[in-house]
Each structure stands twice: as structure tokens, then as C-alpha cells.
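Asks: Protein chains in written order, with our numbering: chain A, -8 to 282; chain B, -8 to 282; chain C, -11 to 251; chain D, -11 to 251; chain E, 13 to 300.
I should point out that these hints are in silico values taken from the structure, not numbers from a laboratory.
Certain hints may be false.
Stated by the list, open to error - Computed list of lysine-lysine pairs in BS3-like fashion (alpha-carbon distance at most 25 Å, straight line):
1) E:K290 with C:K54
2) E:K143 with C:K54
3) E:K274 with E:K88
4) B:K111 with D:K165
5) E:K16 with E:K88
6) E:K265 with E:K88
7) C:K54 with E:K118
8) E:K274 with E:K136
9) E:K211 with E:K259
10) E:K274 with E:K82
11) A:K30 with A:K208
12) E:K35 with D:K54
13) B:K104 with D:K165
14) E:K248 with E:K186
15) B:K111 with A:K111
16) E:K118 with E:K143
17) E:K109 with E:K136
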Amino acid sequence: MARGVSPIHQRADYIETAPTGPAPHLHVVDPVPSHAQQKPRLSLDGVTVNFGARAVSAVQDVSLTIGAGEFVALLGPSGCGKSTLLNVMAGFCTPVQGRVLLDGEPLTGPSAKCGVVFQKHSLFPWMTALDNVAFGPRRLGLTNARQIAQDLLDIVGLAHVANEWPASLSGGMQQRVGIARALATRPPVLLMDEPFGALDAQTRSLMQEELLSIWDKLRPTVVFVTHDIEEAIFLADRVVVMQTYPGRIAREFAIDIPRPRSAEVLNDHAFIERRREITDVIRVEARKTFR
Amino acid sequence: MARGVSPIHQRADYIETAPTGPAPHLHVVDPVPSHAQQKPRLSLDGVTVNFGARAVSAVQDVSLTIGAGEFVALLGPSGCGKSTLLNVMAGFCTPVQGRVLLDGEPLTGPSAKCGVVFQKHSLFPWMTALDNVAFGPRRLGLTNARQIAQDLLDIVGLAHVANEWPASLSGGMQQRVGIARALATRPPVLLMDEPFGALDAQTRSLMQEELLSIWDKLRPTVVFVTHDIEEAIFLADRVVVMQTYPGRIAREFAIDIPRPRSAEVLNDHAFIERRREITDVIRVEARKTFR
Amino acid sequence: MTVALQSLRKFKGVAVAITLGAIGLSLFAGIWTWASAHLGNDVLLPSPLSVLSTYAELIADGSLAKDIGASIFRVFAGFSIASTIAVPLALVLAYSRILRGLVMPLIALIRPIPPIAWIPLAILWMGLGDPPSYFITSIAAFFPIFLNAFAGGTSLQQEHVNAARSLGAGPFALLTKVMLPSALPMIVTGLRIGLGQAWMAVVTAELIAAQSGLGYMIQISRLSLETSRVLVGMTVIGLLGAVMIGSLGVLERRFIVPWNYPR
Amino acid sequence: MTVALQSLRKFKGVAVAITLGAIGLSLFAGIWTWASAHLGNDVLLPSPLSVLSTYAELIADGSLAKDIGASIFRVFAGFSIASTIAVPLALVLAYSRILRGLVMPLIALIRPIPPIAWIPLAILWMGLGDPPSYFITSIAAFFPIFLNAFAGGTSLQQEHVNAARSLGAGPFALLTKVMLPSALPMIVTGLRIGLGQAWMAVVTAELIAAQSGLGYMIQISRLSLETSRVLVGMTVIGLLGAVMIGSLGVLERRFIVPWNYPR
Amino acid sequence: EDAKIRIGYPSGMNGQVPVVLEKAGIAQKHQLTAEFTGFQYGPPMMEGLVSGQLDAVVTSFLPPLTLSAKAPGSVKFVATLGQSSHALLVPKDSSAKSLIDLKSKKIGVSVGSESHLDLILALKDAKLDAKTDVELVNLQPNELPAALEKGLVDAALIRQPQVLRLEESLGAKKIQSWPFRFTSIVRTEYLNSNPDAVKRYVEALKDAVLYIATNPDQAATWFAESQRLDAAVVKKLESENPLYAAKSRDDIKIEIDDGFKKLLAERLAAAIDNGLVKSKIDPASLTQ
Ligand SMILES: Nc1ncnc2c1ncn2[C@@H]1O[C@H](COP(=O)(O)OP(=O)(O)OP(=O)(O)O)[C@@H](O)[C@H]1O
Ligand SMILES: Nc1ncnc2c1ncn2[C@@H]1O[C@H](COP(=O)(O)OP(=O)(O)OP(=O)(O)O)[C@@H](O)[C@H]1O
Ligand SMILES: [Mg+2]
Ligand SMILES: [Mg+2]
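Based on the sequences and whatever the hints tell you, model everything.
Replies: Below is the structure:
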């Protein structure tokens, strides 16, 4: 019964079902070389977010520039404002100070340009897994929305539950459907909030490889929130470490481990070196906030 | 405002508030040397568990012997039966085949000898954090139950929320209260079901060190379920890897990394070697069941 | 094999439930028979048998069917009026803080007034015959429908709105694909409770100038001290009420909000 | 400072709510005044002012206080009877599958029978005076209390039982420290709804041989076409009902199940 | 030792005698420990009698006849308490002068009541068919005033004291009126076990009638209070009852005599003929 996941490079169909010319609704991603770009896709400038009457800002004076096709991991302890920052990038929440530019233009609200994978259950409970994934393509008026959804479910290893309601899927399965849903519109920017948080270690590492392989094909700009240090290093071109009370950027680390990366890199010297550095920074932060 | 955690060895009070003679209700733990013991505290013999009319057993023919004072980690993919096996050890669920011996006697039901930390929220929502922790000591008729509870909350870094309802604590805080509650009766056996699952990586690593330090003082027998390979290696004397459909033991690994262990061992050669071995076993299993 | 086993278990479960239910009802009928024999007064408490024969009589002369039909029509009329007003009103109030602040205190004050206390005004305002009885049944159905639909409207999760917007949903798709389905489970719950309340209120409604219906039948039979007819009326109300509520529950689980009841 | 800010916000929120509510009620009174002036018929719809003067009259001669007292007493009597029976019965049924199977179908059948349909039997069985009116109010309160307490009883989580047992709890501690508190939130919800239903049923109950109470007052005023007294009765019922339900809600949040409403 | 008796009375003018019986403390004088219960509607009172919660009630003809049809021999008439009236009222601006003018109009009436029987008989006299020539609308006594006021019916058959109230407040016009006779019945079981108490009860009723005749103001005040009515209205209506004209106790005849038995037999026959009472009853079984 168990189905393996066919790696994406064996699946020309996922690519080929997309329209060949630049469809009016689809945002075509520029073909970019394999590493971080200079041309900024997303830039934050002195962003501050407050919640209600709280004395401390959730996010304070954060500036960050992310190139097209870059893979950035956002790392930090619970409550440091990672989700809040991602919400700002997605246009769900307007900063009280500072501004956000997407492709050089000020962000005014959520758009189909940014695919979002949410931290908490955000699947529509009233749609089957398939309809959830097909939701985006249908909004874009694509006629093959169903086919696109089916293919994506196949990629995340969930073709067999296409017609189930979200409530009957496990937490990990739900999160994988959420990833498929975000990918379905092939957004140039992917904002992922602890997408693998509900997965067990094994499925998690498979999904990490799958994500890298998708990223390699489509080269979206990715902002990936996590609190797993190894995951951040394994996936990203750049790791941004946040600190808490108020939430701001503590340090950034460039990850120069060559791609493509496989599970083997976990034991590489460069990897362990990076991990040691980041762990040191983070332990200092964590000691302050453990309460 | 942030409070650090004082390591347990600076807290003679936690030990000293316990009665000096063997109190009638308290199960006194034999003083044992620092490593795994031959004398079995808990032994499973051919245990099989079925759920309802399911065709596949949740746990099939598992035999396992755990010495007094030993620290065993149970590792395996989601759904492989880790929680079920722990429930059997706790006496919450009776196997259809096989038997369970605790200190050489057949287990008939839950007892105060086994402290349990549950995977899902199991705090009593109608009691404050303090009363939750004091619940066990009060059942044993200890007059200083309140003090014991206060001290334990202090150890898990939650003294400041002693009078809050569980509903107003974050998931991670709730899980820490759950750990304190299980420790409060000082049970000779501690069964922990993914106790750090809801914690962020930083708090998690602090809690791991805290657990090791408590274990070092009291030397309970610990069965620790996790799906984090590093956590298992870091904590345990022995790692038992389970496989799925049906749930059974795939392999066992003795972890010979010397104690006391600190976060530094994560970068040790022996640690990385063990991780590579276990990862290999587990990836084979995971491939089978990823669906 | 597993499926067969499971459906066997399910079947066995249903059989056990039916058996137990039948035993329970028979016990009840037994106690009733004993009590009525003990009292020996058909006006006070007729035996189940004499109630059954009254059933046969009323079914044979067709009057029971007519009364049931009349009552059911009144219930559905009032229920439809109530839901047509309550659901949109609740959703509008759920989305407008100001309207909510204006209207909710009024609703809190009007809610505890029982349908029966509305009869005088209903007659004065709507006259006789069916309009006031629709008014009474719809007043009864209104509040559960309204309050549940309101809860449904306010329970919309910001995450779902965010997700839909970032997937390119416009205002229309947001309304029809997100807001409505998100409120639907609570709306349906409200409709189920409201239907039950309307059904209970029809007896009250038929105090007003009605010439048919189960409530009317009970009133008339009281005047002539035909207790066994009163009991026929009451048991029919119980039976039909249970069937109505039950079938709306099944509809709900199977067709209206199946996602809330996976498998 | 944060605390001060928060309580300021809270205070502002309450002030806004009160203002909006007052505006809403004034608007309502305005429409009412206009409508009654437009109709120009005090029997059909007296103006709010004339209702207020009737209030003054009935308060001055002490009859309103007496009627309110009589009705409240009936409500609490019926409510107490209902809760004394419903809560233990529901908990017992929640723990015994067999009893549940026996009794639940009966309850499903009896539930839809409205309080008013019980009047004939209530008199035949309980006689006159107050007992049948207690019966009517308790029938009305019984089902919400029972059904909620039952849900509370069945919602006990196995994990909580397991946790308690592994912490050394015996049967007594299990009952008092785990099972009861675990069912309590639902029980209290049931009590709140049941109190509302009992209050709504008191008008029905006072159709029986009562010579006092708000329901009696409404009936008597109908005979003499004193619509403004009818409206006094209805508005008092609305007001007191809202106050009762509201204060039980506050009690619930503050004292009975505070853990369900952290902060 | 005093005998216990539980007395029920309705909210119409026939309630005045029991109210005075209670307030003036007359029952005690006749060695009766009496309990009184007032009713807004007929049905609960008769249900109370059937279930043995009441021993005696003050009522009219039809309710005891209905009861006797269901439970033969269960009650006996023991006194006749004079009369008030009920009347067919039309709104102020109605052109109807008599029953004939109401042909093919709506008439509100409480089905199954004394009024219903009188209306049917009057329609027969006027050569109108109760089924085809007029539309009878069944309304509870509580609803009749509102229905007339709102013009929902063209005429309504209403009892005192509402007749007077509607004439005064709405200008409603009487186009025909009938005597509304008061009776008292007791449960046969009670009669058999307490024959003396019933005798004393009848004597007490006589004293109460005498009290009303001699103290009309006090009697009106008591009754008005109990029914939340205007005392002046009650006082005015007292004059409708010939019994209250009595000067001395000897003028008062309330016992069951042959004249009453004849009237009873006539009412019974009419009720059976017109389908208001469903089974045959021997009139002799209704009295001692
Ligand atoms: N809607 C809200 N209202 C008030 N405070 C909020 C809200 N959302 C977040 N916060 C607060 O803002 C801070 C940052 O929250 P955020 O969710 O961004 O943290 P995070 O880094 O994503 O944490 P986690 O790892 O637990 O997801 C926290 O202190 C949190 O309590
Ligand atoms: N109460 C139950 N009824 C039926 N099936 C159950 C029940 N509890 C567990 N199972 C099934 O038994 C198997 C083992 O479940 P278990 O919870 O022990 O897994 P686990 O290893 O703890 O998983 P996880 O890592 O997700 O906690 C699963 O297939 C699960 O669906
Ligand atoms: Mg977050
Ligand atoms: Mg588990």
C-alpha cells in the first residue's frame, strides 16, 4: 500500500501542464542562476509591528532585502515574531512603521504573487484535499486546475487522500496539503511558516529534499520560518536569526554549502561548523527568554 | 523579567523537602551506579495490541527488558505504535497477548509507581498549574505537597505562572507543567511520550539538559518516546527503533557516549557516527511508510 | 475483510441500540399500563391500549392526518420566515460591529419573552387564522437560528480569509467560498434547534383561532375531557418532533456539512 | 502601565457598548412611539410613554412586585426540581451504556412535546395550585439541563482519567477531582439554558389555576383589552430574563468554571 | 368537627358567590373548612374536578354535561345560583340589528361552551343554518375581545363582565342576549361520603347570596379585587341576578327543584341534539 514519492525531476508533467506561453494570470519567474540574486524581490525597511496595547512591539525596526530566487531561513525562539514578520511580507498585516516593497512596489495587501504556507491549520475544512489545492488555480481561471491539484498531491505523497476532508487527515498530512496548495499557483514568492512543524523526523527529511527539488526547478523566492537549526542550514542560502522582546534581527549567516544538498551534508564539516556558530548565538538568546 | 533556570544541582531544596526516611507512600529508588542496570525493572514479553476491528495490530510481539535506572529512548515514525507501547507499560491498556512485569510482578493497571508525561494535553484544565503539580503529592497524603509543586515549577522555569489556568499557558508551557506533575511523586519509573514535542529548539535543548540533571540525581528508569533522532541519542543509554505496520522493534542501539553529556557532544565523532547508523535504518523504514 | 468486519460491528451496534431502545419503551408502556389499571379512570390516565385504539379511530376517519398536515404546514411556514430573516440578519450583524452594538441588547431583551406571551399582540397585529400562528412559530424559531448563525458568522477564521486572499480570491469568491461555508455548520445547527422550537410552539400557535392542527385537537379534546385524544396528540408531537430533528441531523451529516463529520 | 492601558481599553469598550446599546434601544422606542402615534389606537399599540405610566401605576399599587415575586418563585421551584433530577440522571446515563440505551429513545420522544401540551396531564396528575405549575416549568428546564449534563458526562477524556490514576488517585478522588469538574462546564451551560426555558415557561404554567404572576397578569389584561399592561408584562419578562441569564453567565465565568475563561 | 371542602370557580360573574363565601368567612359558620381555587379557563377546573382535586365547583350547564358524558354519574348538580348574561356584540359602526343581519358573516364564539349552545339555538330560531349561513370562528374567551375590537369577526358572543366593558370602552352594541345561568355541582364520591357537608355547603351558598344581596358594595369590592376588575362594573352587574334582589334568607331559593330539573333536561336534550354532548345521559342521574 505504501507509495513512495517520485522525485520531481521524474515528473515532467508538473512542469508541462503549465501553459507554455506566459499566461495572463501567471507570474512567470525569471530564469535565474543557482545562487542568491542581487536584484531584490522583497525588501523590508524599518518595519515595526505592535499588537494592541502591548508595551513591547512584536517586531521592531526590521530591515531585510531578499533577492529573486533566494532561499532565506528565518530562525528564532518561540514568540520572537517570525510569524508576524511573515504576515507583514504576505500583506496580511500592515506595519505601524516602515515599508515593504515587492518587486520594487509598495505592498498593499495579500496577492496571488505570494504563496503562503501557514503555521496553523488553514486548510478550508469544507473542501476536500483536492479542492483545497485546486482553489488557487481556479481563482486564476485555469481550466486544468483539477489536474494541477492532482499532480501536486502526488508530489507531496497524498494522491490517495485527494477526496478526503481535511478533518480526516493527520496533522502532518494537512500540512503537506497546505504546501501543495501554496505551490499550485506557482507563486514567484513562497512564504512558509514552519511548514514541516507537524511532521515526524523522517517524513520531514523527505519533504525537505522534495522542497529543494521543487525550488531547484522553479526557483521561487522562499522565506522559510523554522526553529530547527539544522533544517535552516540544510535548506537556505541565508539564515536570519531573530531575537525576542522586542522581535528584531540578531544576526545573519550566509550558508555556502554547495547545492544540490542531500541528507549526507548533515555530517559534513562545513555544516557542523555553521551549526556550532548559530547554536552559540541562539543559546545566548534563549537563556534570556526561557521563562 | 526573564528568569533563567537554576540547574538542579544548585537546588538542594528539591531533594531535601522529600521525607528523610522511606515514607510509606513513596517508592524509594535504589541507589544505582550511573549506567544501565542488569536487574530488570520493567519487562515486556511478546506484547501485542489490537485496536477494534483493525486488520493490522498497532503493536505486535514486542519484547523488551529495561533495567532499573536505565534511560531508554523509543524512536520511530508517526503511527508506529510508540504511544501504544508506552500506554501498555503505564497499565492504561491491556495487551491481547503477552505480559508486562513491573519489578517482577505482573502489571494490573495504572499505579503511582509509574509517572507518565503525556503526548497530548492532559493537564486538568480545572486546576491551576500549581494544583496540577500538587495533585500527585496530595493523593499520597504529603503535607508539603504545595511546596513540592512550587519547587518543581521553579525547576521547569514556570514559577511565575503557578496560579494560571492551563488554558492560558502556551503549548510548550503546558508540556513543562506536565513534566513537573509527573516528577512530583518521584516515581521510580518515568514514561515520557514526546515530552518536548511542543517546545521550540532552544527551550527544548535546555529542558533536555534539565531532564538529564534530574535523572542524574534521582536515577529513575526512563522510557522516552521521541521522533527526533538527535534527542534520542543525546539522552539515552539505549535507543530502540520501531518500525510500522505492524508496530514492532526494528533494531536497538546502545549509546556509549560518556555522561554527563552537554550540548557539545552533538558535534562529537561518536555522536555523528551513531546518528548516521540510526538515520540509515530509519530512512529505510520511512520510505516504506511515507504516504 | 476489515471493511466487512467493521460493518458487521456497526450493524451489531445498531441492533443492540434498537433492542435496548425497544426494551426501554416496552418498560415504559408496561408501567403506564399498570398505572392506568391501578387508577382505573380513563379520564385521568387511559391505558396505552385505549390510546392505540384512539389512534386507529383518528387514522381511520382521516382527522389525524389532516391535523398533522395542518400543524406541519404552520411549522414550516413559521420556520421559513424565521430563517429567511434570522440568517442574513445574523451574518450582517456578525460583520458590522456598530450594527451589532445597536441591535444585540434589543435582542437580548426580546429573547426571553416566550412565544405564548406574544399571542395578544399577534392577534391585535395580524388578526386571526394563520398569520398570527406563523408569527408565533417564527418567533420561537427565530432566536436559536439567529444566535447560532451569529456565532457562525463571528467564528470566521482570519487565517482562512488570509489564505483565500493570497490564493487570489476576490470579494465574491471570499463571500461564497469562504465566509458562507465557514458559517454553515453553525447555521445548520441553528436551523435544527429552530425547527424543534417551531414544532414545540405550534401547539401554542394553535390556541389562536385555529380550526385544525394537533394543538387545536389537544385543546378541543381537553374541553370534552377526551384524555386519550390528548395523549394521541402529545405522542404524535413527540414522535414527529424526534423524526424531524433526527432527519435534519442526518441531512446535516450527510449532505449539508459532511466535512464536519468525516467518515 | 500596560495594565492601566488595558483596563482603560476595556473600560472604553464597555462605554462604547453601553452607548451603542442605549442608542439602539432609543431608536427602537422612537420607532415604537411613531408607530403607535400612527396607529392612534391604544388597544392595538399603546405608546412607550403610556406603557411607562402603566409601569408606574403597577409599581405604585404594589401588584407588579407581587406578580414578579410569584413568577420568580415558580421558576426557581421548577428549575430546582429539574436540575436535581436531570444532572444526576444525565451523569448516570453517561456512565452506563445499557441504561443509556434503555432511556435515551424515550427521552428523544418526550423532548419535543412542548410544556403547554403537558397542562392537561399536569392538572390530572398533580392537582391544582402550584404543583402543576412547578411541573410545567421543570419540564421546560429539564431537557436542556439533561442534554448538556449528559454531554458533559460523556466528554470526560480518557487521558485525564489515566493521568489521575497514574498519579495515585483512587475512585473517590477520580469522581470528585476529575469526573465532576470535567462535566461542570457543560452542566453549568445546561443550567443557564434551563433557567431561561423555565422562565419562558412560567407564562404557560400560569394558565393553570394561578391568581398571580406575570403570566396571569397578561391573561387577565387581555380579557379587558389593557394592552399596555400586556406590554408591561412582556417587557418585565424580557428584562428579568435577560438579567437572570446574564448574571448566571457572570457567575459561571467568575466563580463556577473560571478555568474555561482564562483572564 | 369541620368537614373539608375544596371549591373551584371560574373568572366569570359566577365566581362572585364563592369569593364572598371565602371573604365573609361564611364557610366556617357552617362547619366547613373550605379551600378556594379560581380559574381563568373552564378546562383546568373540570380537569381538577375529575382528578379529585376539587369537591365542588361553581359553573354553568354545559361543562358538567360534557363531563357526565365522559364519566357517567361522576357529578351531581346541588344548587342553582341565579344568572348573569352573555350577549352577541357587534362593533360600534356595524349596521347589524339582529341575528338575521349576520347572515354569511363571521361570528366569534368559544366552541363547546354554553354560549355556543345558545347561539346555535338562536340561529335555529332565526331559521339560519349554523354551518352554511354564518361562519363560526372558534376563539378562546381571552381572545374574543381583541377579535371584536380588531374587527376580525363581525360579531362575538361574549360574557359578562366583558360585555359591559366592551360596551363602555368600544361602544360595542348588543344585538341579542341570553341569561347565563349559574349552577354548582359536587363530585358524586364526595357527596356519598359527606352528605352532610354538601347540605351545609348549599346552606353556606345561600348565606353568601344573602350577603351579596344585603351588602352589594362590599361584595362588589371583594370580587373586583380578586378579578382585578372595576368595582363599579361588578356592582352594576349584580343587578342582573334576580337572586340578589332578595330581602331575607327566605326569599332565596337555590335548591334543586322540579323547575330546575326540567330546565336541565331541556338543556341536555338541546346539547345532545346539536352534537355538543356526544353520548346519551339520563337527566335523572345528574341530580340527587
Ligand atoms: N494577534 C495577536 N494579538 C496580540 N499579540 C500577538 C498576536 N499575534 C502574535 N502576538 C504576539 O506577538 C509576539 C510574536 O508572535 P509570533 O506569532 O510572530 O511569534 P513566532 O516567532 O511566530 O512564535 P512561534 O514560533 O511560537 O510561532 C508574541 O509575543 C505573541 O504573543
Ligand atoms: N484508540 C485508538 N483506536 C484505534 N486505533 C488507534 C487508537 N490509538 C492508536 N491507534 C492506531 O494505532 C497505531 C499506533 O498509534 P500510536 O498513537 O501508538 O502511534 P505513535 O507511534 O505514538 O504515533 P505518533 O508519533 O503520531 O504519536 C496507529 O495506526 C493509530 O492510528
Ligand atoms: Mg509562528
Ligand atoms: Mg504517539
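Asks: Against this structure, judge whether each hint is valid.
Replies: Hint by hint, here is what the structure shows:
1. With a C-alpha separation of about 22 Å, the suggested pair K290 (chain E) and K54 (chain C) falls inside the 25 Å cut-off, and the hint holds.
2. At most 25 Å may separate the alpha-carbon atoms for a hinted pair to count; K143 (chain E) and K54 (chain C) meet this at roughly 20 Å.
3. With a C-alpha separation of about 15 Å, the suggested pairing of K274 (chain E) with K88 (chain E) holds against the 25 Å cut-off.
4. About 20 Å separates the Cα atoms of K111 (chain B) and K165 (chain D), which keeps this hinted pair within 25 Å; it holds.
5. As the CA atoms of K16 (chain E) and K88 (chain E) are separated by approximately 18 Å, the hinted pair is consistent with the 25 Å bound.
6. Note on K265 (chain E) and K88 (chain E): the hinted pairing holds, with a Cα-Cα distance of about 18 Å set against a maximum of 25 Å.
7. Under the criterion of a C-alpha separation no larger than 25 Å, the hint pairing K54 (chain C) with K118 (chain E) is consistent with the structure, at around 23 Å.
8. Pair hint K274 (chain E) plus K136 (chain E) holds up; C-alpha atoms about 21 Å apart against a cutoff of 25 Å.
9. For a cut-off of 25 Å, the pair hint linking K211 (chain E) to K259 (chain E) stands: about 23 Å separates their Cα positions.
10. At roughly 22 Å between alpha-carbon atoms, K274 (chain E) and K82 (chain E) fall within 25 Å of each other, so this suggested pair holds.
11. For the hint linking K30 (chain A) to K208 (chain A), the alpha-carbon distance of about 19 Å falls within 25 Å, and the restraint holds.
12. Straight-line distance between C-alpha atoms of K35 (chain E) and K54 (chain D) comes to about 20 Å, which keeps the hinted pair within the 25 Å bound.
13. Of the pairs offered as hints, the one joining K104 (chain B) and K165 (chain D) holds, with about 20 Å between alpha carbons and a cut-off of 25 Å not exceeded.
14. For the hint pairing K248 (chain E) with K186 (chain E), the CA-to-CA distance comes to about 17 Å; that is within 25 Å, so the pair holds.
15. For the hint pairing K111 (chain B) with K111 (chain A), the CA-to-CA distance comes to about 17 Å; that is within 25 Å, so the pair holds.
16. A distance of roughly 11 Å separates the Cα atoms of K118 (chain E) and K143 (chain E); the hinted pair therefore holds under the 25 Å criterion.
17. Distance restraint check for K109 (chain E) and K136 (chain E): the Cα-Cα separation of roughly 17 Å lies within the 25 Å cut-off, and the hinted pair is therefore satisfied.
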